[in-house]
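Enquirer: Given chain R, put chain Y in place with the hints provided.
There are 2 protein chains.
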Amino acid sequence: MNASIISIGNELLSGRTVDTNAAWLAAEILALDIPVVSTYIVGDEVDRIVRMLEAACRDANIVLVTGGLGPTEDDLTRDALAAFVCTELEFHQGLLDDIAGFFAVRGRAMAATNRRQAYLPAGARALANTTGTAPGIAVEQEGRRIYVMPGVPSEMKQMFTDGIKPALKRLDPGQHIVVRKLQCYGTGESDIAQIVGPLMARGRNPLINSTASQGVITMHIVARASSKPAALDLAQKDERLLREMLGSVVFGVEDQSLAQVVGGALAERKMTVATAESCTGGLLAKLITDVPGASRYYLQSWITYSNQAKSALLGVPAALIAADGAVSRRVAEAMASGARKAAGADYAIAITGIAGPDGGSSEKPPGLVYIALAADGRLYCQRCEFGQPRAAVRLRAAMTALDILRRQLAG
Amino acid sequence: MNASIISIGNELLSGRTVDTNAAWLAAEILALDIPVVSTYIVGDEVDRIVRMLEAACRDANIVLVTGGLGPTEDDLTRDALAAFVCTELEFHQGLLDDIAGFFAVRGRAMAATNRRQAYLPAGARALANTTGTAPGIAVEQEGRRIYVMPGVPSEMKQMFTDGIKPALKRLDPGQHIVVRKLQCYGTGESDIAQIVGPLMARGRNPLINSTASQGVITMHIVARASSKPAALDLAQKDERLLREMLGSVVFGVEDQSLAQVVGGALAERKMTVATAESCTGGLLAKLITDVPGASRYYLQSWITYSNQAKSALLGVPAALIAADGAVSRRVAEAMASGARKAAGADYAIAITGIAGPDGGSSEKPPGLVYIALAADGRLYCQRCEFGQPRAAVRLRAAMTALDILRRQLAG
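Line by line, the protein sequences are chains R and Y.
Just so we're aligned, residue 3 is where the first sequence starts under the working numbering, counting upward by one.
Just so we're aligned, residue 3 is where the second sequence starts under the working numbering, counting upward by one.
With the rest of the complex left out, here is chain R (with noise of 0.2 Å):
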């Protein structure tokens, strides 16, 4: 089994609107092992939905289709759909009741228009909508079956999970299936695939694949089998072995954080840190504060961004960055034991480089950045290049920064 999703709306292809719909309807689908082979947007035109109806009916057994239901003459799905299966819409009574009851417990005046929902194409089946108007459709054609939900994703998804997910998983027991995912940071994406080689081939099971996002690397390990606990077990056999792999590259699971992850072990630890930013201005501390609760941890902090500053307010001595220069290391180390000294704080972070595109040098390029973190009697800090341009140099420069402070926490 395998499915393909239709989307329809002017809106979706004007960028207006993003379309979610698919994203959730496709993890919904292969968490029921059937996997989606092709997803199609499409505005409100009934030839164009009839072509995509006929090519999503080429690729997958079944096809989810959302949007185009309303009430509007904009809304041509029901038109299609008729047109597809080669028959004529009929009016339903009883669908026209359950709109018109819509509106009366709400105590508003149904809309003339509204009567279009009421129609099918002949041999249709009606999905209930709890949650708005518009009822969805289930047809069949030539052991396709093909499933009309609406474009509000708050209906989509009530009409999903009451009215056809149920009939999907009756389709085949016989599958279970695990997804379990890895957080990594510290290398790329192809370094990864490197380190992992064969484990990530096609068709193997459990399937591993990596996605990447601001310089986080996440494995998905999706394991099947007939059973959940065998499916489950091949899951965590997997997961064992990437974590001998990639070592101590791999901070969390699931959808966990980096700040996350450094949060609750600094909150386990009844430990606190403070940061003293520099070119990141804020981030570090934004990406901290991002975790609700990050009061137990996090206190206060500075942003530093004038060498008066450094000196003012975390005590750097101007004669040492007369010698060596905000972004140095000394400077660094001494933003980190300034902060941590007037915080109070267990841990402290400092991050002292040039973002960029303007004020680098030869010796000094737009990128480099000193990442300083002190400790109970230890000063550590780490020289990067990151290139450019600056949103990336200040995103990796913070993530880099917590990712130190996560290292340093694990011992």
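What the hints contain is simulated information worked out from the structure, not anything from laboratory work.
Predicted model, so just to flag it, every value in this text is computed and none were measured.
Heads up, some of the hints might be wrong.
Remember, identical chains collapse to one label, so a pair may be satisfied in a single copy or spanning two.
Unchecked claim - Computed cross-link-like contacts, EDC-like style, restricted to lysine to aspartate or glutamate with a CA-CA straight-line distance of at most 20 Å: (1) K183 / E13; (2) K230 / D326; (3) K230 / E30; (4) K183 / D76; (5) K272 / E246; (6) K366 / D326; (7) K167 / E256; (8) K230 / E256; (9) K183 / D257; (10) K167 / D257; (11) K230 / D76; (12) K272 / E241.
Expert: Same frame as chain R, but now just chain Y:
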């Protein structure tokens, strides 16, 4: 002219990643008066990619493809494109040198697999990638123009803007298109639609539409005429109309951000600003320092998450915090005054609030935020209720703070 978009990548079909590239490209293409007629998502499989290229070339004469240009064996877009245009992949030493250079500049070793990215279908043209390793590809096939870009959004956007958009602009020399953008903050997209009304009608020239991102509403004015000056004239007339209708809601043009506009106004007046953040935890500072050259007007700032830090660093009386609570008008004002004084800045903005989800009460619900601005002899404070979720509260608080300063600077 019309366009079709193909997004390639297994992660887009598994629901792990929402495809935002297609919507971004659609908005850009529409601004060139080229309608997008269909969008396809397909996994990393040569046969399926070829089938989608066939379908897209039936739909439209411009085909924009993203994804599948990475260095791993999963990345098969190059192979599929070669198969589609019935040719072989050819190695280009110059491209490999560029890729090697990308790694060299960053002090990283190039993996052997990156060599794959130096291959192009015979007869195709490479598109420069200035922010990543994978060059893009341009080919013509039976009057259709196919452009292939990386799937990483930042790389895709750079490549489209620098390497593809100018070429598309030249395709219809009889038509001149001028696009003007107005950036707005402080009201919703539907409110703007009501104010602007008939100017946004379909088929009108200039075409006016809006997009919304992070609370900023962008009005696009797309003017078409047979000469450049005539198109410019049309666009300028509508810009004046919109500015009259929208008033102080308009803060900038083209791709200006709120932080850029605020920074420009400060730099022009040779004035400085400091920030004191509680619930936004560095996000406001991050937005300000996203702008290159922010060091001209941004010197030093504080993140005072704890009550104790608000007193120690900004001089907020502990008795005031005890009486009114940390999330209160008087504490916000005291933070702003204290930060202004400690930094010796012309302005200081302070934010204190409850980002949530926890920490609220019936009187002070999650999403309640006070934003204070201290200027020479004046103190202004705004109470906001931003609801939830946490990330939206933080972003809206930081953006509103910038907008308050922007309006202050504009008089």
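Enquirer: Run every hint past the structure and note whether it holds.
Expert: Hint check results:
1. Taking CA atoms no more than 20 Å apart as the test, K183 paired with E13 passes between copies only; the shortest distance there is 13 Å, against 33 Å inside one copy.
2. Taking the closest pair of Cα atoms, K230 and D326 never come within 20 Å of each other, the shortest separation being 60 Å inside a single copy and 53 Å across copies.
3. Proximity of K230 to E30 under the C-alpha cut-off of 20 Å is restricted to the intra-copy arrangement: shortest distance 17 Å within a copy versus 46 Å between copies.
4. Taking CA atoms no more than 20 Å apart as the test, K183 paired with D76 passes between copies only; the shortest distance there is 19 Å, against 39 Å inside one copy.
5. With identical chains, the CA atoms of K272 and E246 are never at most 20 Å apart, being 29 Å at best within one copy and 56 Å at best between copies.
6. For the homomeric pair K366 and D326, the shortest alpha-carbon distance inside one copy (11 Å) is at most 20 Å, but the shortest distance between copies (49 Å) is not.
7. Taking the shortest Cα distances, K167 and E256 sit within 20 Å of each other inside one copy (16 Å), while across copies they are farther apart (39 Å).
8. Only within a single protomer do K230 and E256 lie at most 20 Å apart by alpha-carbon distance; the minimum there is 18 Å, versus 53 Å between protomers.
9. Proximity of K183 and D257 under a CA criterion of 20 Å is satisfied intra-copy only: 7 Å inside one chain copy versus 37 Å between copies.
10. When the C-alpha separation of K167 and D257 is checked against a cutoff of 20 Å, the pair qualifies only within one copy, where the shortest distance is 16 Å, while the shortest distance between copies is 36 Å.
11. Proximity of K230 and D76 under a CA criterion of 20 Å is satisfied in neither setting, with 45 Å inside one chain copy and 28 Å between copies.
12. Proximity of K272 to E241 under the C-alpha cut-off of 20 Å is found in neither arrangement, the shortest distances being 29 Å within a copy and 56 Å between copies.
Of the numbered hints stated above, those contradicted by the structure are hints 2, 5, 11 and 12, listed in ascending order.
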